[in-house]
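Student: Chain A is already provided as a structure; the job is to place chain F on it using the hints.
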Amino acid sequence: MHLTQGTFSYLPPLTDEEIRAQVQYALDRGWSVAIEYTDDPHPRNVYWSLWGLPMFDVTDAAAVMMELEQCRKANPNLYIRISAYDRSKGRQTTALSFIVNRPAHEPGFHLERTDFADRQIRYTVRSYAANRPIGMRYRDDG
Amino acid sequence: MADNVSMLDTETKHTEGLDAIAQEMLARLDKELVGLKPVKTRIREIASLLVIDRLRREHGLVAESPSLHMCFTGNPGTGKTTVALRMAEILHRLGYSRKGHLVTATRDDLVGQYVGHTAPKTKEVLKRAMGGVLFIDEAYYLYRPENERDYGQEAIEILLQVMENNRDDLVVILAGYKDRMERFFQGNPGMKSRITHHIDFPDYTVDELMEIAKLMLANQHYRLSPAAEQALRLYIERRMAQPNFANARSIRNALERARLRHASRLLASGKRPLTKDDLMTIEPEEILASRVMRDDNDGMLQQAS
Chain A
1 MHLTQGTFSY
11 LPPLTDEEIR
21 AQVQYALDRG
31 WSVAIEYTDD
41 PHPRNVYWSL
51 WGLPMFDVTD
61 AAAVMMELEQ
71 CRKANPNLYI
81 RISAYDRSKG
91 RQTTALSFIV
101 NRPAHEPGFH
111 LERTDFADRQ
121 IRYTVRSYAA
131 NRPIGMRYRD
141 DG
Chain F
1 MADNVSMLDT
11 ETKHTEGLDA
21 IAQEMLARLD
31 KELVGLKPVK
41 TRIREIASLL
51 VIDRLRREHG
61 LVAESPSLHM
71 CFTGNPGTGK
81 TTVALRMAEI
91 LHRLGYSRKG
101 HLVTATRDDL
111 VGQYVGHTAP
121 KTKEVLKRAM
131 GGVLFIDEAY
141 YLYRPENERD
151 YGQEAIEILL
161 QVMENNRDDL
171 VVILAGYKDR
181 MERFFQGNPG
191 MKSRITHHID
201 FPDYTVDELM
211 EIAKLMLANQ
221 HYRLSPAAEQ
231 ALRLYIERRM
241 AQPNFANARS
251 IRNALERARL
261 RHASRLLASG
271 KRPLTKDDLM
281 TIEPEEILAS
291 RVMRDDNDGM
301 LQQAS
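As you go down the protein sequences, you meet chains A and F in turn.
Counting along the first sequence from 1, when you hit position 25 you're at 25 in the numbering used here, and nothing is skipped either side.
Counting along the second sequence from 1, when you hit position 8 you're at 8 in the numbering used here, and nothing is skipped either side.
Only chain A is shown next, with the shape it has when bound in the complex (with noise of 0.2 angstroms):
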């Protein structure tokens, strides 16, 4: 299954320069971009780690790229997202964030349903991965 989410959700992966590109725009508006890692794919999952800290001072995406291919050398088998964040007044908030790395098996999610009262259904979304302990998913031995 391919995860989808974020800004580009809807396209294919993005290549290393399209990457570039969107991070160059992205600094080019004064945005900061962070790159973040995670192993736990739920789609409510805010808390990625940080790589290094968020990049304020740099000009130039060869920089930023620079530290994703040293973050995908470290954790290659975990998704990584390039997020940017726009201080500008009255705005504040993530403005840009995408998937650039994936693991190479995602194995999905499982559904689950539960009766309530008056045939009312709940759902659970649970990620197969998610069913190993932290820092054993997505490793190569299953």
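Keep in mind that the hints were calculated from the coordinates and are not lab data.
Beta carbons: idealized from backbone N, C-alpha and C, even for Gly.
Wrong hints could be hidden among the right ones.
Claimed, not checked - Calculated from the model, a selection of chain F residues having no Cβ within reach of chain A, i.e. all distances over 10 angstroms: (1) Gly60; (2) His101; (3) Gly131; (4) Leu170; (5) Asp203; (6) Arg249.
Claimed, not checked - Cβ-Cβ distance ranges computed for the label pairs, FRET-style: (7) F:Arg183 to A:Ser9: 52 to 58 angstroms; (8) A:Ser88 to F:Ser67: 36 to 42 angstroms; (9) A:Gln70 to F:Ala246: 38 to 44 angstroms.
Tutor: Below, chain F alone, put in the same frame as chain A:
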């Protein structure tokens, strides 16, 4: 044949624009920087290389993009930082560097205080400099052979790696005194081999320093009276013989002090109203009052006035 030429013309139009930019930048450099013959020659060569490189690429002649890491050696006040700033601008205008900003760093900015502190610090600076020029002043302080656990070596290694891998993304310029730079390179042969351009900044002659002084004054709308010009020449000659002479920087400081004396002389003179001429003209008193001229400045004053 004629057809060939015209085809070449349209193809090279863009590059000719580039050539015009290069000529304009070099002309400005010539006008605004006094002396520095070898430096200007090398900059001219680099600019030509970049223009030709672009032209070659338009014709499909691929070559590795040139390595432009540089080392500026010279005594203090010979214009290393100024030229680095200009270099960043030239490289930007010629399309070699994307942003053309200059990030200045010294050992403090690159080397950390404890284990694991250096790499993030160095990378931080490198990332800031990407797309522009990283100017490392007094680079030899990075390397301290007497302390084998010094973190400077770590910074050098990261620097080398980025200089090699991100050649298109940033230009590194190292600067410092010539002899200490030589020793630095002896201890880091890898660094020496990755720097293609070693540019030596010669000391200025008295005439060049005079020219610099006049340029500095003109920029601030001052001028020297003919007698003051003579006095300044004498001052420069004496100052050059003294220790800690920092070329153009010493001249700038001397002129700052002259401005101070000029102002107090005008106020003390009681002459009112002060004409524009009074406000602009530096007289010999201002220069001769310097500590450098002290031993016989009475005689000189009479002679000059």
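Student: Each of the hints needs a verdict: does it hold here or not?
Tutor: Each hint, compared with the structure:
{"no.": "1", "hint": "Gly60", "verdict": "21 angstroms, holds"}
{"no.": "2", "hint": "His101", "verdict": "7 angstroms, violated"}
{"no.": "3", "hint": "Gly131", "verdict": "3 angstroms, violated"}
{"no.": "4", "hint": "Leu170", "verdict": "8 angstroms, violated"}
{"no.": "5", "hint": "Asp203", "verdict": "36 angstroms, holds"}
{"no.": "6", "hint": "Arg249", "verdict": "28 angstroms, holds"}
{"no.": "7", "hint": "F:Arg183 to A:Ser9: 52 to 58 angstroms", "verdict": "56 angstroms, holds"}
{"no.": "8", "hint": "A:Ser88 to F:Ser67: 36 to 42 angstroms", "verdict": "39 angstroms, holds"}
{"no.": "9", "hint": "A:Gln70 to F:Ala246: 38 to 44 angstroms", "verdict": "41 angstroms, holds"}
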